[in-house]
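Participant: The chain contents come next:
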Amino acid sequence: MPVTPLTQVTSASRVSRPPSQADYTWDSLFRSLAYACALGIILLVAYILWEIGRQAVPAIGHYGLSFITGTAWDVSRQHFGVLPQIWGTLYSSLLALLFGGLFGVAIAIFLTQDVIHARLAAVFRTIVEMLAAIPSVVFGLWGIYVLIPLLRPVANWLHAQLGWFPLFSTDLSGPGLAPAALVLSIMILPTVAAISVDAFRRIPYKVKEAAFGMGTTRWEAILKVMLPTATSGILAALVLGFGRALGETMALAMLIGNSNQISLSLFSPANTLASLLASNFPEAGHVEVQALMYAALVLLAITFLVNVVGLGIEQYTMRKFEGRK
Amino acid sequence: MNSVITTGDALARPTPRLHRHLVEGRALKSLILSILTWLAAILASVPLLSVIYMLIVKGGARISLETLTALPPAGFETGGGFGNAIVGTLAMVGIGAALSVPIGILAAVYLAILGPNSKLAATSRFLAKVMTGLPSILAGVFAYAAMVVVMGTYSALAGGVALAVLMLRTVVLTAEEAMKQVPQRMKDAAFGMGCTRSQVIWKVVLPTALPGILTGVMLAVAGAAGESAPLLFTALFSNYYLSSLTEPTASLSILIYNFSAMPFENQIELAWTASLVLVLIVLVFNILARLVRQPNV
Numbered sequence: 001m002p003v004t005p006l007t008q009v010t011s012a013s014r015v016s017r018p019p020s021q022a023d024y025t026w027d028s029l030f031r032s033l034a035y036a037c038a039l040g041i042i043l044l045v046a047y048i049l050w051e052i053g054r055q056a057v058p059a060i061g062h063y064g065l066s067f068i069t070g071t072a073w074d075v076s077r078q079h080f081g082v083l084p085q086i087w088g089t090l091y092s093s094l095l096a097l098l099f100g101g102l103f104g105v106a107i108a109i110f111l112t113q114d115v116i117h118a119r120l121a122a123v124f125r126t127i128v129e130m131l132a133a134i135p136s137v138v139f140g141l142w143g144i145y146v147l148i149p150l151l152r153p154v155a156n157w158l159h160a161q162l163g164w165f166p167l168f169s170t171d172l173s174g175p176g177l178a179p180a181a182l183v184l185s186i187m188i189l190p191t192v193a194a195i196s197v198d199a200f201r202r203i204p205y206k207v208k209e210a211a212f213g214m215g216t217t218r219w220e221a222i223l224k225v226m227l228p229t230a231t232s233g234i235l236a237a238l239v240l241g242f243g244r245a246l247g248e249t250m251a252l253a254m255l256i257g258n259s260n261q262i263s264l265s266l267f268s269p270a271n272t273l274a275s276l277l278a279s280n281f282p283e284a285g286h287v288e289v290q291a292l293m294y295a296a297l298v299l300l301a302i303t304f305l306v307n308v309v310g311l312g313i314e315q316y317t318m319r320k321f322e323g324r325k
Numbered sequence: 001m002n003s004v005i006t007t008g009d010a011l012a013r014p015t016p017r018l019h020r021h022l023v024e025g026r027a028l029k030s031l032i033l034s035i036l037t038w039l040a041a042i043l044a045s046v047p048l049l050s051v052i053y054m055l056i057v058k059g060g061a062r063i064s065l066e067t068l069t070a071l072p073p074a075g076f077e078t079g080g081g082f083g084n085a086i087v088g089t090l091a092m093v094g095i096g097a098a099l100s101v102p103i104g105i106l107a108a109v110y111l112a113i114l115g116p117n118s119k120l121a122a123t124s125r126f127l128a129k130v131m132t133g134l135p136s137i138l139a140g141v142f143a144y145a146a147m148v149v150v151m152g153t154y155s156a157l158a159g160g161v162a163l164a165v166l167m168l169r170t171v172v173l174t175a176e177e178a179m180k181q182v183p184q185r186m187k188d189a190a191f192g193m194g195c196t197r198s199q200v201i202w203k204v205v206l207p208t209a210l211p212g213i214l215t216g217v218m219l220a221v222a223g224a225a226g227e228s229a230p231l232l233f234t235a236l237f238s239n240y241y242l243s244s245l246t247e248p249t250a251s252l253s254i255l256i257y258n259f260s261a262m263p264f265e266n267q268i269e270l271a272w273t274a275s276l277v278l279v280l281i282v283l284v285f286n287i288l289a290r291l292v293r294q295p296n297v
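These protein sequences, in sequence, are chains A and B. Everything in the first sequence is counted per this note's numbering, starting at 1 for the first residue and increasing by one. Everything in the second sequence is counted per this note's numbering, starting at 1 for the first residue and increasing by one.
These are calculated hints, taken from the structure and not from any lab test. This structure is a prediction, so every number in the text was calculated from the model and none was measured. C-beta atoms are modelled at their ideal positions from N, C-alpha and C, and glycine is treated no differently. Fair warning: there could be bad hints in the mix.
[Said to hold, decoys possible] Far from chain A, by Cβ distances over 10 Å, these chain B residues were calculated:
id, residue
1, His21
2, Gly60
3, Ala74
4, Gly75
5, Glu77
6, Thr78
7, Ile103
8, Ser198
9, Ile201
10, Val204
11, Ser228
12, Leu242
13, Thr246
14, Val292
15, Arg293
[Said to hold, decoys possible] Listed next, with one range per pair, are the computed distances between beta-carbon atoms:
id, chain 1, residue 1, chain 2, residue 2, range
16, B, Pro183, A, Thr126, 28 to 34 Å
17, A, Ala160, B, Leu65, 37 to 43 Å
18, A, Asp23, B, Pro183, 23 to 29 Å
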């Protein structure tokens, strides 16, 4: 049986063959395509910044920094200022962080520190994950028809009894800061819990064993060893949760009352940058759109800053536990 | 040094008490804190259970073929439904997926395989993570400036682009993570047989990482379906069925937002039913994401 030399075999007739010219062309084409897409992400972010910035330029030139210190949003007189919205954004997010952060970290401990059986922990983990899957508008609807009616008698009682206290200085007539902040804390809870759980998981098991070996109770180990070790991870969770709260839109637009005022009271209506955009943008005229673009830029700057700080802390944590990668 | 403990000595001593009494200070503190975290976990589950209860009771009451197919009612009308909003939501999520999935997976190929340590990959990965914190309404503002202003009209396309911006980060980050999990020796074996890099990616990396990539796609779709802020002023709303991608389009989330503020009982009931449908759609994709995820690669 004559043996055909390797070189004479047409490449199509064999299963294994060296890559053809077409393969090489496709290879370099495909690799450039992947390169282009990775570059595309950078370009997209730049394009988003440029596009929002470009639309805001007329308003920046016109109002300058007084836009940030101004307190009126008056379309007919073309006076635009976002101080009440910035105040409302920060105030509602801080309140949400207080509750969402506390509960989020408590749940992270609950899920990772063997407080309950692993199977039961899986049930609670599913609950927290489902909480993250509920759309913002649905929480808004729930807030309007369940939370506000529930909260109103409590709020009005607090106002009647402790009205001299700045936090309770008004009554809750409907939408307001308290229901908005509560819904917001429910919405950031999954973020805080998930990142904190990661922070606890990253601690090597022997750290806890060493603490137990010295005769600590479970909670002495958690409070004196686990929590301090996980500090930076939990901090990242809180900062990223805060960032999430700053940008949350729909539930707030439905619950906060969209009133441009600065008040310490938990029960007075307020406004946030995101819900200002949501409620005014669809019907805005040319001049107002420019002002809204400026507001969008302010929101972008605040959330970008908070998120970069959060990611920085998270990366620092990962390096601390896993060495430089 | 001079006192050597013998076995006999040790046995002669009383055995130390190895259990703490529950009411003893330290143990009591531990117990109380455990109970407090129990309370926190249960309290945190209440909103979810309450939302689900309301969706089933209030939303389930009106669910029928009519509500799923009819057009939204005006003012004082009774009946009606939100068929056009279901179609609109699915169409815009489809556009978002069609734009973000190919670009996201290709970018992830570069981040995970082609140049994981390059400067481009580091920057691009960092920006994808920063985009995770981009408020969804800003995606809408961007799509408004880039699409609505240019095209001169609100459209399903603009809504789809806004959703794509939000889906991209999820697709990129999960696909990269999935491709990184592919064992190096599988790639090495393919390279050893003389494959080009593209052949390794197409025939080894992508098939192996497929479950993980699909999980990311499903999560991105689930997230996008529930989004409303980016659609507010890109797709706007419409009372009719979608007939062209370049005109205002209805979506479930915007319908809920609009109807929730209306003073009519009928509309509010429909808002609850639409919420139930929306949550079911989101849930289906979340469950799909769990089903396709392999336990470990």
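Participant: State for each hint whether it applies.
Facilitator: Taking the hints in turn, this is what the structure says about them:
Annotated as non-interface, His21/B keeps its C-beta farther than 10 Å from every C-beta of chain A; the closest such distance is 12 Å. The beta carbon of Gly60/B sits about 14 Å from the closest Cβ of chain A, which is more than 10 Å, so the claim that it is off the interface holds. Listed as outside the interface, Ala74/B is consistent with that label: its C-beta sits roughly 19 Å from the nearest C-beta of chain A, beyond the 10 Å cut-off. Remark: the non-interface label on Gly75/B is consistent with the geometry, its nearest Cβ contact in chain A lying 19 Å away (cut-off 10 Å).
At roughly 21 Å, the least C-beta separation between Glu77/B and chain A is larger than 10 Å, which holds for a residue marked as non-interface. Annotated as non-interface, Thr78/B keeps its C-beta farther than 10 Å from every C-beta of chain A; the closest such distance is 20 Å. Distance check on Ile103/B: its Cβ comes as close as 5 Å (rounded) to a Cβ of chain A, failing to clear the 10 Å threshold; non-interface status is violated. Not every Cβ of chain A is farther than 10 Å from the Cβ of Ser198/B; the closest lies at roughly 4 Å, contradicting the non-interface assignment.
Under the 10 Å C-beta cut-off, the non-interface status given to Ile201/B relative to chain A is violated; the minimum distance is some 7 Å. The Cβ of Val204/B lies farther than 10 Å from every Cβ of chain A, with a closest approach of about 14 Å, so its non-interface assignment holds. Remark: the non-interface label on Ser228/B conflicts with the geometry, its nearest Cβ contact in chain A lying 5 Å away (cut-off 10 Å). Here Leu242/B stays apart from chain A, with its beta-carbon at least about 19 Å from theirs, past the 10 Å limit.
Every CB of chain A lies more than 10 Å from the CB of Thr246/B, the least distance being 18 Å, so the non-interface label holds. The claim that Val292/B is not at the interface with chain A holds, since no C-beta of that chain comes within 10 Å of its own (minimum 16 Å). No Cβ of chain A comes within 10 Å of the Cβ of Arg293/B; the nearest lies about 13 Å off, and the non-interface call holds. With their beta carbons about 30 Å apart, Pro183/B and Thr126/A fall inside the hinted range of 28 to 34 Å.
A beta carbon spacing of about 50 Å between Ala160/A and Leu65/B contradicts the range 37 to 43 Å that was offered as a hint. Taking 23 to 29 Å as the suggested C-beta distance range, the pair Asp23/A and Pro183/B conforms, at roughly 24 Å.
The earlier numbered hints that this structure contradicts are 7, 8, 9, 11, 17.
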